[in-house]
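**Student:** The task is simple: from the sequences and hints, build the whole structure.
Those sequence lines, one after another, are chains C and W.
At the far end of the first sequence sits residue 429, using numbering that gives the first Met the number 0, and the numbering has no gaps.
At the far end of the second sequence sits residue 140, using numbering that gives the first Met the number 0, and the numbering has no gaps.
Fair warning: there could be bad hints in the mix.
[Said to hold, decoys possible] If you want the footprint, here are the derived chain C segments under chain W, 3+ residues with CB under 8 Å:
1) 166-180
2) 348-357
3) 397-406
Rather than coming from a laboratory, the hints here were simulated on the basis of the structure.
Every residue gets a Cβ at the ideal spot worked out from N, C-alpha and C, and that includes glycine.
Residues per chain, in single letters:
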Amino acid sequence: MLKLTDPEKAMLDGRDGKARQKAMELLVRYAEALGAERFVDTRNVAGVPGSANPFLQRYYAGKDADGLDAIFSYFDLDSDELVEVPSALVPTYHLQGGADPRQWQTLGVPVDVFRNHQEREAFAARHDVSILKTCTPYLVGNVPAKGEHCAWMESSAVIFANAVLGARTNTEGRESTSAAMLTGKIPDWGLHRTECRFGTHRVDVETAVESVMDWGMLGYFVGDAVQEHIPVVVGDFARPEIVRLKHFGASASSSGGVEMYHIVGTTPEAESVEMALGPNRPVAQFTYGKAEQRQVYDRLNANASDPNVDYVMLGCPHAALEQLEEAALLLRGRRVSANCHLWIFTSRAVDAEARRLGYVKAINDAGGVVLTDTCSAFAQAIPPGTKVAALDSAKQAHYLPAILGVQAWFGSTRDCIHAAVSGRWSGERP
Amino acid sequence: MTVSATIVLRGRGVVGGRAEGEALVTREAIPGWGGVNPQQGVITETHHELRGQSFKDKVLVFRGAKGSSGWSAMYHTARLAGAAPRALVFNEMTTKVALGAVVMRVPSVTGLDRDPLDLIETGDWVTVDGDLGIVEIHKRK
Chain C
0 MLKLTDPEKA
10 MLDGRDGKAR
20 QKAMELLVRY
30 AEALGAERFV
40 DTRNVAGVPG
50 SANPFLQRYY
60 AGKDADGLDA
70 IFSYFDLDSD
80 ELVEVPSALV
90 PTYHLQGGAD
100 PRQWQTLGVP
110 VDVFRNHQER
120 EAFAARHDVS
130 ILKTCTPYLV
140 GNVPAKGEHC
150 AWMESSAVIF
160 ANAVLGARTN
170 TEGRESTSAA
180 MLTGKIPDWG
190 LHRTECRFGT
200 HRVDVETAVE
210 SVMDWGMLGY
220 FVGDAVQEHI
230 PVVVGDFARP
240 EIVRLKHFGA
250 SASSSGGVEM
260 YHIVGTTPEA
270 ESVEMALGPN
280 RPVAQFTYGK
290 AEQRQVYDRL
300 NANASDPNVD
310 YVMLGCPHAA
320 LEQLEEAALL
330 LRGRRVSANC
340 HLWIFTSRAV
350 DAEARRLGYV
360 KAINDAGGVV
370 LTDTCSAFAQ
380 AIPPGTKVAA
390 LDSAKQAHYL
400 PAILGVQAWF
410 GSTRDCIHAA
420 VSGRWSGERP
Chain W
0 MTVSATIVLR
10 GRGVVGGRAE
20 GEALVTREAI
30 PGWGGVNPQQ
40 GVITETHHEL
50 RGQSFKDKVL
60 VFRGAKGSSG
70 WSAMYHTARL
80 AGAAPRALVF
90 NEMTTKVALG
100 AVVMRVPSVT
110 GLDRDPLDLI
120 ETGDWVTVDG
130 DLGIVEIHKR
140 K
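**Tutor:** Printed below as a string of structure tokens:
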């Protein structure tokens, strides 16, 4: 049975206004669906409040005077009544979305769609939402502390917050994060609770896992193996740093629904196998050897056959500063083929720093483009005529062919830059 | 003599209400954003066993939800587009499927006393009572 505190009851009774009442009503329906017994307080919300794709824009057109509160009322809060939307009650961050504010035409975004994105962004900003516009909030200033209760969307950010930072969040959705923004409440269920954070499955790594590509492939294997459960990864590998962990988690939350993992000796709740498992005995054990690595590689490359690459996309999840530096170095003295495009996606904050350091200029001088706010899968934007893409992200390789019907090669960042320069894929199976 | 091919399962109601329809069953988890076309109600994920199939107006019987945090928004959109399933029956509770069921506003049941994936086949007629947490299976054959 869900128990509410007096302030929560007051919100539900409408004493803090209609919008907060509707937000609380949605959170109560959600908590009851989960079987949660209470809410936790959160002061760290990451979502996409009030954003709209053309479908939602059309669907809600004319449903209120200025068209702005309707989407938040009816869609974000799933309310049957139009409400006046107040500012965020707790710190709230806007994740990726929309289009690059300067180079939206490069993405092929129609002008009316771009204007809608701008309007929706202004709406969020007016409601005190911090406009990070990235899937990697943890790289650009929103770094929750260990044990902090958050309400985050974006599966690759959720898994990073839980596993790498030791913060506590389930994979929230559009509606629950927008409701949390107005109430500072989220159901106390799943990964908010200590007993739900221990490992359930064991994965023994018995082949070399070194590069970012290697960690992406391992993540893809692990997600497929454990689905929505919690893997404990054990092996004799060098301690992975942020970019490797970013790619590992993004992969594991794409091939499966992993929201939390332990890497023994690396992640904060896994100083030992015993600590990672807590009271659990692993329900299954998987071994990741050379054969499994090759299977993952083959699966990620399964729909590619044409070696002529039209488009190389990097920056999924959004590139860290060091990844833009790496791309700039790999492109030094070379030029992107006339038959190919190179787009690299990152956050506005990393883009600004990369411009200051000259990485963006170096990439531009070689014929590449650095874009912010979105990515090809999210914006459904690829260079016109693209039939074959090359990607260094297992997550993007998972999504892009399904979303846009293109062939996709998967390999290392080096393989991808080489493809951009030569126009041909020559990545090698590990 | 009456022949009753009805099987009754009991579990926990997730979203209330009562609906019935033809079952669409998968042992795989169901994807959200990036793996589904919400306006047509079709699964699009490359490797999924239901790729190309529509869940519109079906009773969707599945293991659980996976993938993007855009899960609820996709199925919410499917509801607006008139392409949502009529009811949900699933095994693994996650925040994705809970929120998705809530905003789809369709009767949903989980935690059943026998595995619905063993007992329900695609094409069976299934009644879902989300208030009582009961699923009735009327076998096609």
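**Student:** Next, verify each hint and record whether it holds.
**Tutor:** Hints, verified against the model:
1. With a cut-off of 8 Å between beta carbons, the stretch 166-180 of chain C has 7 residues touching chain W; three or more are needed, and the interface restraint holds.
2. Residue count for the stretch 348-357 of chain C with a Cβ under 8 Å from a Cβ of chain W: 0. That is fewer than the three needed, and the coverage hint is violated.
3. With 5 residues having a Cβ less than 8 Å from any Cβ of chain W, the stretch 397-406 of chain C passes the three-residue criterion, so the hint holds.
The structure fails hint 2 only (numbered hints given earlier).
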